[in-house]
Amino acid sequence: MSIEPLSTDVVNFIYDNIVSVEQLEILLLLHGQSDKEWTADEVSDQIRTSLASVRSRMAFFSNLRIFSSRTAANVTFRYAPSTTALASTIDAVSHAYKERRVSVIALIYSERQKSIRAFSDAFRLNQEKSDEENSR
Amino acid sequence: MNFDQVFAGIVYVLCALTSLSCAVLLLRSYVKRHVRLLLWSGLCFCGLTLNNFILFADLYVFPQIDLSIVRTLPALLGVVVLIVGMIWDSR
Numbered sequence: 000m001s002i003e004p005l006s007t008d009v010v011n012f013i014y015d016n017i018v019s020v021e022q023l024e025i026l027l028l029l030h031g032q033s034d035k036e037w038t039a040d041e042v043s044d045q046i047r048t049s050l051a052s053v054r055s056r057m058a059f060f061s062n063l064r065i066f067s068s069r070t071a072a073n074v075t076f077r078y079a080p081s082t083t084a085l086a087s088t089i090d091a092v093s094h095a096y097k098e099r100r101v102s103v104i105a106l107i108y109s110e111r112q113k114s115i116r117a118f119s120d121a122f123r124l125n126q127e128k129s130d131e132e133n134s135r
Numbered sequence: 000m001n002f003d004q005v006f007a008g009i010v011y012v013l014c015a016l017t018s019l020s021c022a023v024l025l026l027r028s029y030v031k032r033h034v035r036l037l038l039w040s041g042l043c044f045c046g047l048t049l050n051n052f053i054l055f056a057d058l059y060v061f062p063q064i065d066l067s068i069v070r071t072l073p074a075l076l077g078v079v080v081l082i083v084g085m086i087w088d089s090r
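If you're matching them up, the sequences are chains S and C in order. The first sequence maps to residues 0 to 135 in numbering that gives the first Met the number 0. The second sequence maps to residues 0 to 90 in numbering that gives the first Met the number 0.
Hints are computed from structural coordinates only; laboratory data are not their basis. We put the beta carbon where it would ideally sit given N, CA and C, even for glycine.
Distance windows between CB atoms, simulated:
1) S:LEU124 - C:PHE2: 33 to 43 Å
2) S:GLU41 - C:TRP87: 28 to 38 Å
3) C:GLY8 - S:SER61: 51 to 61 Å
4) C:VAL30 - S:ASN73: 33 to 43 Å
5) C:TRP87 - S:LEU124: 27 to 37 Å
Produce the entire structure from the sequences given, and follow the hints as far as they go.
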């Protein structure tokens with residue numbers, strides 16, 4: 000039985016925005032409880048990672064308009080993607096991470112080589128085949 | 000026009016077409032993959048393509064006009080875009 004490659008949207012989203020599993024875990028934590036407002040401390044407790052790192056990741060997603068932020072006593076963040084297309088891509092990323100965890104993690108850490116690989120792939124005339132290979 | 004000049008002209012045109020192919024492939028791939036290195040490289044090859052076509056025009060179409068500065072500018076701009084883009088991405 001052949002394994003379906005990750006979708007192009009999922010691959011592009013991870014290539015463009017995700018540099019670590021920690022960052023993806025933060026995104027998916029807020030994605031999973033989209034009606035809750037989270038402080039960086041709460042996320043840090045849940046993910047068990049450094050507060051400074053969580054703050055910077057949450058600000059990053061806020062700048063991408065994936066999280067909305069509100070400043071009261073503390074700064075809180077909520078999952079609120081700005082477009083439905085973005086929301087459905089993140090749904091697909093979440094699904095892929097549940098079903099194909101190893102492939103997604105491998106993709107995240109292959110990111111550093113992506114520019115070089117994309118450059119060489121650009122000269123391959125059969126682009127669909129090279130995209131398929133990259134997403135496996 | 001002697002054989003050497005004709006041969007040189009063919010080489011210039013082939014260089015221009017090769018640069019154009021590279022630019023098209025890189026920019027096509029950028030549209031699909033959104034990897035910025037492809038954009039900077041594609042734009043650089045656009046400059047090199049123009050440089051090669053103007054070189055041909057300079058030597059064979061308008062030999063009476065000196066286009067050496069005009070033809071160098073697109074290549075220079077292309078390389079500057081590539082360098083600035085790569086530095087920008089590495090920050």
